[in-house]
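J.: So the chains spell out like this:
2 protein chains.
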Amino acid sequence: MNQPIAIELAATKKTKPQADQLGFGKYYTDHMFIMDYEASKGWHSPRIVPYQPITLDPASKVFHYGQTVFEGLKAYRTDNGSILLFRPEENFKRLNRSNERLSIPHLDEEIALEALKQLITVDQDWIPDEDKTSLYVRPFIIANESSLGVAPSQNYMFMIILSPVGSYYAEGIHPVKIFVESEYVRAVKGGVGNAKTAGNYAAGLKAQEEAAAKGCTQVLWLDGVERKYVEEVGSMNVFFSINGTIVTPALNGSILDGITRKSIIELLKSWNIPVEERKLSIGELVEAYHNGTLEEAFGTGTAAVISPIGELHYLDEQLLLRGGETGPLSRKLYETLTGIQTGVIADPFGWTVELPSAQYTAGTK
Amino acid sequence: MNQPIAIELAATKKTKPQADQLGFGKYYTDHMFIMDYEASKGWHSPRIVPYQPITLDPASKVFHYGQTVFEGLKAYRTDNGSILLFRPEENFKRLNRSNERLSIPHLDEEIALEALKQLITVDQDWIPDEDKTSLYVRPFIIANESSLGVAPSQNYMFMIILSPVGSYYAEGIHPVKIFVESEYVRAVKGGVGNAKTAGNYAAGLKAQEEAAAKGCTQVLWLDGVERKYVEEVGSMNVFFSINGTIVTPALNGSILDGITRKSIIELLKSWNIPVEERKLSIGELVEAYHNGTLEEAFGTGTAAVISPIGELHYLDEQLLLRGGETGPLSRKLYETLTGIQTGVIADPFGWTVELPSAQYTAGTK
Ligand SMILES: Cc1ncc(COP(=O)(O)O)c(C=O)c1O
Ligand SMILES: Cc1ncc(COP(=O)(O)O)c(C=O)c1O
Numbered sequence: 002m003n004q005p006i007a008i009e010l011a012a013t014k015k016t017k018p019q020a021d022q023l024g025f026g027k028y029y030t031d032h033m034f035i036m037d038y039e040a041s042k043g044w045h046s047p048r049i050v051p052y053q054p055i056t057l058d059p060a061s062k063v064f065h066y067g068q069t070v071f072e073g074l075k076a077y078r079t080d081n082g083s084i085l086l087f088r089p090e091e092n093f094k095r096l097n098r099s100n101e102r103l104s105i106p107h108l109d110e111e112i113a114l115e116a117l118k119q120l121i122t123v124d125q126d127w128i129p130d131e132d133k134t135s136l137y138v139r140p141f142i143i144a145n146e147s148s149l150g151v152a153p154s155q156n157y158m159f160m161i162i163l164s165p166v167g168s169y170y171a172e173g174i175h176p177v178k179i180f181v182e183s184e185y186v187r188a189v190k191g192g193v194g195n196a197k198t199a200g201n202y203a204a205g206l207k208a209q210e211e212a213a214a215k216g217c218t219q220v221l222w223l224d225g226v227e228r229k230y231v232e233e234v235g236s237m238n239v240f241f242s243i244n245g246t247i248v249t250p251a252l253n254g255s256i257l258d259g260i261t262r263k264s265i266i267e268l269l270k271s272w273n274i275p276v277e278e279r280k281l282s283i284g285e286l287v288e289a290y291h292n293g294t295l296e297e298a299f300g301t302g303t304a305a306v307i308s309p310i311g312e313l314h315y316l317d318e319q320l321l322l323r324g325g326e327t328g329p330l331s332r333k334l335y336e337t338l339t340g341i342q343t344g345v346i347a348d349p350f351g352w353t354v355e356l357p358s359a360q361y362t363a364g365t366k
Numbered sequence: 002m003n004q005p006i007a008i009e010l011a012a013t014k015k016t017k018p019q020a021d022q023l024g025f026g027k028y029y030t031d032h033m034f035i036m037d038y039e040a041s042k043g044w045h046s047p048r049i050v051p052y053q054p055i056t057l058d059p060a061s062k063v064f065h066y067g068q069t070v071f072e073g074l075k076a077y078r079t080d081n082g083s084i085l086l087f088r089p090e091e092n093f094k095r096l097n098r099s100n101e102r103l104s105i106p107h108l109d110e111e112i113a114l115e116a117l118k119q120l121i122t123v124d125q126d127w128i129p130d131e132d133k134t135s136l137y138v139r140p141f142i143i144a145n146e147s148s149l150g151v152a153p154s155q156n157y158m159f160m161i162i163l164s165p166v167g168s169y170y171a172e173g174i175h176p177v178k179i180f181v182e183s184e185y186v187r188a189v190k191g192g193v194g195n196a197k198t199a200g201n202y203a204a205g206l207k208a209q210e211e212a213a214a215k216g217c218t219q220v221l222w223l224d225g226v227e228r229k230y231v232e233e234v235g236s237m238n239v240f241f242s243i244n245g246t247i248v249t250p251a252l253n254g255s256i257l258d259g260i261t262r263k264s265i266i267e268l269l270k271s272w273n274i275p276v277e278e279r280k281l282s283i284g285e286l287v288e289a290y291h292n293g294t295l296e297e298a299f300g301t302g303t304a305a306v307i308s309p310i311g312e313l314h315y316l317d318e319q320l321l322l323r324g325g326e327t328g329p330l331s332r333k334l335y336e337t338l339t340g341i342q343t344g345v346i347a348d349p350f351g352w353t354v355e356l357p358s359a360q361y362t363a364g365t366k
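Protein chains in written order, with our numbering: chain A, 2 to 366; chain B, 2 to 366.
Among the hints, erroneous ones may be present.
Remember, identical chains collapse to one label, so a pair may be satisfied in a single copy or spanning two.
Derived DSBU-like pairs: lysine-lysine, alpha-carbon spacing no greater than 35 Å straight-line [stated by the list, open to error]: (1) K27 / K15; (2) K14 / K229; (3) K14 / K178; (4) K270 / K15; (5) K333 / K270; (6) K133 / K75; (7) K207 / K42; (8) K229 / K118; (9) K14 / K280; (10) K178 / K190; (11) K190 / K27; (12) K42 / K17; (13) K94 / K280; (14) K75 / K263; (15) K263 / K207; (16) K118 / K280; (17) K15 / K118; (18) K215 / K42; (19) K229 / K42; (20) K215 / K94; (21) K94 / K75; (22) K229 / K17.
Think of the hints as simulated: they come from the structure by calculation, not from any bench.
Hey, can you work out the whole structure from these sequences and the hints?
T.: Following this line, the structure appears as C-alpha cells:
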C-alpha cells in the first residue's frame, strides 16, 4: 500500500473485562483504526489511534440519511497463542458490494485488510482465549459531509473497532425460539436487503421487540412481495434439513450473502450432504413439519456461528423441532466450523488467515 | 413543561451567507437545541447551546443500525417582520409515529414545539426575508448507546438544527424531469416507508444517481410488490390531474404521510376540485398521457413546496407534460400555499403559527 498507517498508541490501557462478563459488543479495546475520504483526495490518512469518541457536525449525512455500511468478523486466539482471522477478504469484498449499493466510494480491500491486521496486532492482548470467546471486529463507513441535501456524501470515515465477545445469544449453543414474522417486512427485491447497511437493522427492531414479548429470540423474515418465502433470521442466514437435504434460501437480492452461510454450504458439500439453494416457502416448512420430514433447522452468522432453532412460532402454530434440543447436524457443523476458526481442527479450505503474533509489537507495547 | 430550557448563547456569531448563495441545507445558524434520553431518566436536560459538533462513541447505534428519525419544516419571515411556522404540530405528531415504528421512545410534542419556538426566536436574525427563502428546521433523534447488539438503544439525543435556505431545486419552480424507477425499490408494505427514518433515504441514493446520469432530477418510485403502483417522488408526494380529477396515491403504509400533501388535498377540496386518494398505476398514467387526459403532474413537499413535473421518463418513453412548462394548477397551488406560509394570503385553515418576534430576545441578543 502506498500510504503507511500512522500509529499513535494509547498512553494508558483500560482494564480488561472478565471473560464471563463479555457479552456481545459491550467493551472496546484500546485502539481503533480511522481513514478519511474526501472527494478531492480519495481515501487518505490511515491511522491507528487510541479508542476515543468521534466528533461530527450535527448535519452529517449519516444522522439524517443513513448512508453507512458495515462488516462483522472475528479473530480467535489459538491454543498455541497465534491469532486466526476467518475469511477476512470476504468481508471486505462484501463491504465493497455494500458500498456500491449505497453510493459510497470503493475501498482498497488490501489496505483495509492490512489496517485490520495491524490494529488487531496492536490490541492482541484483548483477544480472549477462553472457550467460545473471540475478538469481534467491526469495520464500518459513515458519511460525514455536513449537508442536508439528499445526495451521496462528499466525505466519509472508514473505521475499525474491536470488541472482545462471549456468546452472542445468552442461550449460547442452546436452541433458540424463532418468531415467523407475517406483519413486518425487512427488505424487498430492488431494495438494500443484500447490503450490510444500517437501515436494514433499524427496520427490524420493532418486529424483534414484539417477538421478544412473545418469548422468541429472533424473527424469521418472509419475503416482502409474496409474504411466503423464507428469507433470513435476524442477523443470520437460515438452513433447514428436510428429508435428508439441506435447504437454504437462494441469494435473491433481498437477503445477505453470509460468509458463514457460504462456508456451511462448502462444508456440507465436502461431506457429500445434498444442499439446495432455492426458494423455500413457509408453507413447505409447515408441511414438512407435519409429515415428519423437517429434521433440523439452524441459523448461521458470524456472531453466533450456528444457532440451532428449537421452535418456530408461525401464526397460531408452534413447531417444536427435535423436542427443542440441538440437532446432530447443527452440533457437527458448529463444532467443525468453530474448530477450524480456532485452529483446533485442520483447515482444508484455506479459510483462516494467521496473524504472526509478534509482527507489529516490538517496541510498541 | 416541567423542565425549563437552559440557554447558553454563542460568544461570537457567524457571518450570514448572501441570500443568493443559500442553496439547501448548507449553512447552519448560531445555535441548536439538544435534549437527552436515558432509559432510567426519560427525556431530560433540554438546552439551547451554540451550534457545535457532537461527540459520540464510535460504537453508537446510529452508526451501525440506523436507529434514527427526523422531521423537516420551515419558518418564514413575513412582510411585517413576524415569523410564521407551517403546521409544526403535524411534524411532531409524525415524528412520534416514526418513533413508534423505530422503537424510539415517545417525545412530548409540546416540549418539542416549545424548544423549536425558543430556538428559532434565539436565531431569528437568520430567517432570510428575500423571496423564496426561509429557515429550514431539522428536528432529529439519534440512538447513541454504545453497544453493537442489534436491539433498540437505551440512550438517544433529540436535536433541532436550523438552516437558512433558498429554493430546494436549482430549477426553482421550473418543472423537473422525473425518472420512473423500475429496477430499484424504496420501501414496501410492512417496512419503514411511512416513517421518516434515515435508511429510506440511503436506499434511494443509488437510483437517484442513476436518474441524474439520465438527466432527471428525481426518481418516481413504484410499489415494491407489484412494481406498478405509483408511490412518491424523492422527498415529495405526487399528484396528477387526470381529466379534471386530482389523483394522488393513497397512504398505504409504504409512502410518507406528507404535510404538504395533506394541505394540498384540503386546499383542493376547499376549491371544490375533485381529489382522489387511491391506487394509481403507471399504466393508467401512460394511458391517460396517450389519450390526452393527463393534464398536469406535480410533487409536494416541505423543501420545494410544489414541484411541477415537466417530463416523466418511463422505460423507453418520455412523457412530456404541458410542453415541459408549469401547469396552471401547480402554479395556483404553489402561489396559494407559499402565500399562506409567508403570510401574504390570509390563512383560513389555521395552519400557520405565529411567533412573537421579541419574546425571548430581550437581554439575549
Ligand atoms: C442480515 C444478516 N444476515 C445474515 C448475516 C450472516 O452473515 P455472516 O455469516 O457473514 O456473518 C448477517 C451478519 O452477520 C446479517 O446481518
Ligand atoms: C419520502 C418523502 N416523501 C414525502 C415528503 C413530503 O412530506 P412533507 O410535505 O411533510 O414535507 C417528504 C419530506 O419532506 C419525504 O421525505
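J.: All hints, please: hold or fail.
T.: Going down the list of hints, with the structure as the test:
1. In this assembly of identical chains, the alpha carbons of K27 and K15 lie at most 35 Å apart only when taken from the same copy (14 Å versus 40 Å across copies).
2. Neither within a single protomer nor between protomers do K14 and K229 lie at most 35 Å apart by alpha-carbon distance, with minima of 51 Å and 58 Å respectively.
3. When the C-alpha separation of K14 and K178 is checked against a cutoff of 35 Å, the pair qualifies neither within a copy, at 40 Å, nor between copies, at 57 Å.
4. For a Cα distance limit of 35 Å, the shortest separation of K270 from K15 qualifies neither inside one copy, at 45 Å, nor across copies, at 65 Å.
5. For the identical chains of this complex, K333 and K270 are intra-copy neighbours only, at 14 Å inside a copy versus 67 Å across copies, given an alpha-carbon limit of 35 Å.
6. For the identical chains of this complex, K133 and K75 are intra-copy neighbours only, at 11 Å inside a copy versus 53 Å across copies, given an alpha-carbon limit of 35 Å.
7. In this assembly of identical chains, the alpha carbons of K207 and K42 lie at most 35 Å apart only when taken from different copies (22 Å versus 40 Å within one copy).
8. Taking the shortest alpha-carbon separations for K229 and K118, neither the intra-copy value of 42 Å nor the inter-copy value of 48 Å comes in at or below 35 Å.
9. In this assembly of identical chains, K14 and K280 lie within 35 Å of each other by CA distance neither inside one copy nor across copies; the values are 50 Å within and 61 Å between.
10. Within a single copy, K178 and K190 get their C-alpha atoms as close as 27 Å, and across copies as close as 26 Å, so both meet the 35 Å cut-off.
11. Taking the shortest alpha-carbon separations for K190 and K27, both the intra-copy value of 33 Å and the inter-copy value of 34 Å come in at or below 35 Å.
12. When the C-alpha separation of K42 and K17 is checked against a cutoff of 35 Å, the pair qualifies only between copies, where the shortest distance is 29 Å, while the shortest distance within a copy is 38 Å.
13. In this assembly of identical chains, the alpha carbons of K94 and K280 lie at most 35 Å apart only when taken from the same copy (25 Å versus 41 Å across copies).
14. Proximity of K75 to K263 under the C-alpha cut-off of 35 Å is restricted to the intra-copy arrangement: shortest distance 16 Å within a copy versus 50 Å between copies.
15. Within a single copy, K263 and K207 get their C-alpha atoms as close as 28 Å, and across copies as close as 27 Å, so both meet the 35 Å cut-off.
16. In the homo-oligomer, the alpha carbons of K118 and K280 never lie at most 35 Å apart, since the shortest distance is 38 Å inside one protomer and 54 Å across protomers.
17. With identical chains, the CA atoms of K15 and K118 are at most 35 Å apart within one copy only, with a shortest distance of 21 Å there and 44 Å across copies.
18. With identical chains, the CA atoms of K215 and K42 are at most 35 Å apart between copies only, with a shortest distance of 27 Å across copies and 51 Å within one.
19. In this homomeric assembly, K229 and K42 never come within 35 Å of each other (Cα to Cα): the closest approach is 47 Å inside a single copy and 42 Å across copies.
20. In the homo-oligomer, the alpha carbons of K215 and K94 lie at most 35 Å apart only across protomers (29 Å), although the nearest pairing inside one protomer, at 37 Å, exceeds that limit.
21. Taking identical chains as interchangeable, the C-alpha atoms of K94 and K75 lie at most 35 Å apart only when both belong to the same chain, with a minimum of 16 Å there against 42 Å between chains.
22. Taking CA atoms no more than 35 Å apart as the test, K229 paired with K17 passes in neither setting, with 46 Å inside one copy and 56 Å between copies.
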